[in-house]
Every structure is written in C-alpha cells, then in structure tokens.
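Taken in order, these protein sequences are the chains called U and Y.
Heads up: the first sequence begins at 325 in the working numbering, then just goes up one per residue.
Heads up: the second sequence begins at 1442 in the working numbering, then just goes up one per residue.
Just so you know, these hints were derived from the structure itself, not from any lab.
Keep in mind that the hints are not guaranteed to be accurate.
As a list, the in silico EDC-like pairs of lysine to aspartate or glutamate whose alpha-carbon atoms are at most 16 Å apart [claimed, not checked]: (1) Y/LYS1517 - U/GLU394; (2) U/LYS634 - U/GLU671; (3) U/LYS404 - Y/ASP1549.
Note that the structure is a prediction, hence the values are computed from the model and not measured.
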Amino acid sequence: MSNLPDWLPAAGNPPGIDPQAVVTPTAPEVIARGDNEMVLSMGPQHPSTHGVLQVVLGIDGEEVVRAEPEIGYLHTGIEKSAENLFWNQALTVIDRMDYLGPLTNNFAFCLGVERLLGITDRIPRRAQQLRVLFAEMTRITSHCIWLGTHAIDLGAISPFFYAVDLRENILDLIEAASGARMNPTYLRVGGINGDLPEGWLERLDALIAKFPARMRELRDLLQTNPIWTDREIDVGVISAEDAVAWSLTGPALRASGVAYDLRKAYPYSTYDEYEFDVPTRTEGDSYARFLVRLDEMEEAMRIIRQVRKKLEPGAVMVDDPSIALPPKPAIALSMESLIHHFKLVSEGFRVPAGDVYSAVEGPRGEVGYYIVSNGDNRPWRVRTRPASFYNLQAIKKIATGNLIADVVVMLGSLDPVFGEVDR
Amino acid sequence: MEMSANSLFLAKLDEAARWAQSSSVWPLTMGLACCAIEMMVIPAPQYDISRIGSEVFRSSPRQADLMIVSGRVSHKMAPIVRRLYDQMAEPKWVISMGACASSGGVFDNYAILQGVDQVIPVDVYVPGCPPTPDGLIYAINLIQQQIRTGGRGGILARA
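Looking at chain U on its own, in the form it has when it is part of the complex (with noise of 0.2 Å):
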C-alpha cells in the first residue's frame, strides 16, 4: 500500500466511520403484514426472474402492495478479483459480468485503460471497426435472448426457437472469429486478439442479406398478437422523470421518451462516422421497451452494414511494444521476441497511476467501469457501473399498486441480467 500515489486516500477507514463500531448486516426488509396481506416470495429459483432474483411481493388479492428486489445470489466478487489479475487478464472476469453482452465490457474496459495509457489515438482503424462491429452482434444476440425468454414468460413459446435461431447465426460468427460462443475475450487493450479468419465477411455478407427477412419473422411473431399487446400495452408505465431519477439507461430510458444513447451524446471509437438513429417511445410501458429493443436490432444491423462497408484493411493490434505481444511466427524464429512475449505474458504491462471512468452504450444500457491504476500491472480497483442493476431498482415502483401476473412481464421488459447486478 506504501506505493499508492498521494492523490488516493490512505488505506484504512474512510473518514468519519468508527472502525469499532459494531455493524450488523441488515436483514431485507421484513414485510410487515396487513390486514389482508399475503407476504410472497418470487424467486431465487423462478422460471421468469431472468436467474437468481428474488422479489418478496406483499399481496393483497392479486393486487401487488409491496415489492422488495433481494439481489445478490449470484455475487462473485468479480471487481475483487479483476484486482489480483493483469489488465489482459481481468478482462476475462469482466467478460463474465453482463455474460449477455460480454463484448460491451470488454470493449468499456478496454477503452478505459487505453485512456490510461494515452494510446486512444493510436488503436488502429481496423481494430476500432472491429469493435463496432462485434458490439453491434452482440447488442442483436444479446435482444435475441430477452425477446425469447420475455415471450417464454407471457407464454408464447415459438418466437424463442425464431429468436435463438438468429442468435446461433451470429454466434458462429462470433465463435469463428473469437474461438468462443460466450464470453469470447476478443478486445485486448490495444486493439482486438487476432484478425478475422479467411471467409469470415463473406459468411457476415449472407448474415446480413437475410437479416430483414428474419427481423420481419420476430415481427410478425408478436408486434401485433393481441395476446401479446394486451400484456403489454399500459404495463408497468415509467414515466421520462422517473425513468431519469432512479438512473434507468438503454431501451428502459428511452422508452420513456428520453433519448439518450452514449453512442450519438460522447461518441466513442468510431461511433461518429455512422449514420444510425436512436429509437425512442414516449410511452414508457413494456410495449414501448418491446418495440424500441427491436428498433435497436434493426439499427444495430445498420451499423453493421456500414461498418462491413468501410472497413480497412490493417493491424488489428496497437504498435507498441510494451502493451502487444510479437506476432506468432517471429516467436519461432527470433530469441528477442520469445523473451518479449515471455515477460508481456508472465508480468503484463504497467499502466500509470490515474483513475479513468470509461462507459459504453452495451445492449441494457451504459456499461462504465471506473479504474484506478497506482502504476501497478494489475487494477488497483475496478468498479463496474452495470445496467441492468440501475434498471431493476425501478420493479419496486411500477410493481406496486399492479397485478401480480403483470410483474413477470415488467421483470422481463427491464431485462436484467443478474451476472451484471450481482457481480
């Protein structure tokens, strides 16, 4: 701890708190019961929380009184733990948070430390398109899984199966360029890990031909279902002041009628020379959410289309030393670069002291990472501002004062995701 720059408070307690103090940890709220109060409680195993969620609901009849979220069944300890790794390495951590959008984390990650180290400016274009480009995919994966499980829920088993099918599609993609399905760990700090395998945009080319047609399928499947639209339309209601109170971001905010989206307000990486639109509603009900997630499928694929069209050829990886590995076949062939590939892959690279906070626009909504470096080759601290965490404290608003049967679908209309909110 000695070597910790003097800008950081000195370890130990925070001021102000009594180090003897007996803390007690508060049990969650007791629901105290009413007259004609039935205490309830949803979860930690329930079909429809979206994983390891637990809602105790205070009903009265089927009207829903209290609504008290207890999270944290899933902690990991992943931000403690990206402290004991090197940069590269915590990034495989930080993949398993939001492990429906793993590529946005990385990607908010990687950009933070590049900050760090001052070689913003000299990512490479193609390693940026890159990175545009797979967290476009993911964005369209990542709403593939929530329009089948948030139908799963209302009890419309066929578009899971449409859904999934489009996912797969992208997922070969993703695994033929990356070696992994989930959690890939493709962005490194400096550019991205290895370019694309020969064939790779051909096999995009015909994702993207026959895009619209299964876009048009997910459509059909639902948009205009009465079933559907009857569960839907006026349920669960956030309203634009509200929605920007209690921090909501991504599809949640902008269903409310607030358009805010970190890729057009602080254009990272390429974002800037796209042209691409953000969906917004101003109903603020899960109809609203529904229609805008499935905009942003349409407009995600829009950026992929552009990217595909103006990528460059190049190196995917920054030229410094220091931060990339050798290329492969100079590690066969000179001693320098198996003893420089040795000690970047043994002692990782030092980033100088400095705290950075650094926020993408992932499938949920803003994915920001707050680092703090103290010159060392691991994090000194990594917190994670997560989505779907923000987004889900609004259950216990819209909740109260409805049905009981409606608060599976307003769960499913935030879309958390519990490896984000647990950590």
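Starting from the known structure of chain U, arrange chain Y on it as the hints suggest.
Structure of chain Y alone, referenced to chain U:
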C-alpha cells in the same frame, strides 16, 4: 421354477422401467449464470433436446429428475441449491455444468463455492466456460447410459 419366472419378469420390468426413465429425464429450470444461457438454448431447434426426451423443463423440483447446476454457485445460493435438490423426488441426477459449478473456475475467491459437489452429489461434470450445448447434451446422454446400464433407476430406484 416359480422363482425364476418371477425373476425373469422382474428383470424385464426393470429393463422397461429403465428404458422409460432414461427416455424422459426432465431437467429442473434453474439458471444460475452464463451457463444458463447455453442450457436454455438446448430445447431450441438447433440442438433439439426433445430428440432424447428431455425437453420438458420443469420449474417445480417435485416434477424434475435432473438438476443442471448451470453456473457459479455463490455462498448465498448454495443452501437454496441444496434445498431444491432435497425437494426433488428420487431417483434424481445432477449435472455440474461448466468450470465454476465443477470447481469454482476462474473465481477462486470469497464469494464462490469451490465446486457444487460440496453441497450436493454430482453425477456428471461438464467442462467448459461455458460448455457448448453439444457438451451438455452429451452429459445428458451419459446420464441416460447410467440409467440403462445399472445406475440408479429402474423398479428398485426407491430402495
């Protein structure tokens, strides 16, 4: 003679029961983490687990035969996993899906149980982070093989 005819009947009945059980291994809907996404897609057309009779995911542990521990088990979740296992009716099987459920995986820290086999008995471990759906289907095949060839199951399953 009476005895052996009886035994033959029982043996045939046992075989029939094992065939039926192995062809209807119903998993419990219990998603924990990343692996749950890969578990979710196995009923979809690309993998179509109904080919082997396991497409009926049951949300109630009373109706499920197979628990797929899909993902990292935190210390907070472990008692619940155990309780769900206890609530399942015999005979029951457990698949530990992925590195985290099998051994803690990359998360060797204060929050994660270092292997779900510390709280419940596991029949098949599936490696991977996360394993592919094909890997999970193979694990279910192994469970079916166990049932058919003398593992737990058959008419004496409750004994």
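Going through the hints against the structure:
| no. | hint | result |
| --- | --- | --- |
| 1 | Y/LYS1517 - U/GLU394 | holds, 12 Å |
| 2 | U/LYS634 - U/GLU671 | violated, 37 Å |
| 3 | U/LYS404 - Y/ASP1549 | holds, 11 Å |
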